[in-house]
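Chain residues, written in single-letter form:
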Amino acid sequence: GQNIDQPTEMTATEGAIVQINCTYQTSGFNGLFWYQQHAGEAPTFLSYNVLDGLEEKGRFSSFLSRSKGYSYLLLKELQMKDSASYLCAVRDVQAGTALIFGKGTTLSVSS
Amino acid sequence: DVKVTQSSRYLVKRTGEKVFLECVQDMDHENMFWYRQDPGLGLRLIYFSYDVKMKEKGDIPEGYSVSREKKERFSLILESASTNQTSMYLCASRNRGGVLTFGAGSRLTVL
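Protein sequence lines correspond, in order, to chains A and B. Counting in the working numbering, the first sequence runs from 1 upward without gaps. Counting in the working numbering, the second sequence runs from 1 upward without gaps.
Chain B extracted, bound-state conformation (with noise of 0.2 Å):
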């Protein structure tokens, strides 16, 4: 079965640390993505990798950065954590029929 691993399921951080979240896919997938959800929202793309160093902004990449320096981990960075951030943070590995498997999700709360 396919998976994708997110480090963790919850984290309460306070404004102005840095944040980071851990996503870990064992499909050999070469596209990783990084959403947010948020109630009203929904889905949202944050950033996405098409190979190991290489990155693409999405709809609301301000305030996050990115690292993927091996194929199968894809590490969302907030570096400085403000409460707006405050959200479901999912992670997606993509195959190559183009559908997306998410890891469970990180809920992260800045106080």
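Extracted from the complex, chain A is given alone in its bound form (with noise of 0.2 Å):
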């Protein structure tokens, strides 16, 4: 089976960097989403990870190691409108080409 695990929330300020962790296990690792969802709203993606290392999308970077079982996703400068759910999503080979989502860790930012 799989297990994807991430904070369930998590605060900062305006300007500040965060860092959100996920730890997964799976059989048939083979790939990792970052997905931000706002209140009310479809989740939207962020980032994928399949190899080793770090991502960098503007803002925003995704970090795996396979080896570990282990991504982050980390936000710089942070602003208000940054709050929202952030999911981690893992593909595995067992499960077909479905995503397998973590609960998801809501980021509320503060001025």
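No incorrect hints appear here.
Below, in silico cross-link-like pairs of lysine to aspartate or glutamate (DMTMM-like), each with a Cα-Cα straight-line distance of 25 Å or less: (1) K81/A <-> E56/A; (2) K13/B <-> E41/A; (3) K71/B <-> D51/B; (4) K57/B <-> E72/B; (5) K71/B <-> D59/B; (6) K57/B <-> E30/B; (7) K3/B <-> E41/A; (8) K53/B <-> D28/B; (9) K53/B <-> E22/B; (10) K81/A <-> D38/B; (11) K55/B <-> E72/B; (12) K57/A <-> E9/A; (13) K3/B <-> D82/A; (14) K57/B <-> D5/A; (15) K57/B <-> E22/B.
Because the hints were derived from the structure by calculation, they are not lab data.
From the two separate chains plus the hints, produce the assembled complex.
Next up, the structure:
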């Protein structure tokens, strides 16, 4: 089976940097995705990692270590609009092409 | 822009009613998915489809069925709605890179 863990809630202030961790256990890992979901809206794609290392995309970066079953999403220069839930999702070949999602981390950014 | 459209944003149904949730994508994607999202439980996979007339059970298929008669349309059916099926239902379509695009969601309340 699969297991994905991420913190339930985090808080930070505008302009700061925050790191959201995700650990996973799967039998057939084939990629890790991060999605952002604002309250009442659909999740939107942020990043994808399949090889070890850091992927940078503007203020957001995502890191993967396959040997440790670990990823993080790094958000820099936080803005109020970054207040949202951040979902870690793993593609497992044992589960076909579907993504298995963690429960999400709700980030609150205050001024 | 990629688009996934869910027919109903909000529905209220009574216990025992048959419920159809429709989802249409305009990207010619082969893979489509139905998830439900509940507080504290995150996104859970109900059913997915690789192609027309193909379907696979996800993690929580009980009480649901699906239909994929045309490539662009993937329907979720609740044969006899129950109160524990009150939830947010999210349809998604997957591109060749593995990225899911979600619809806006259908919030179903079963009384």
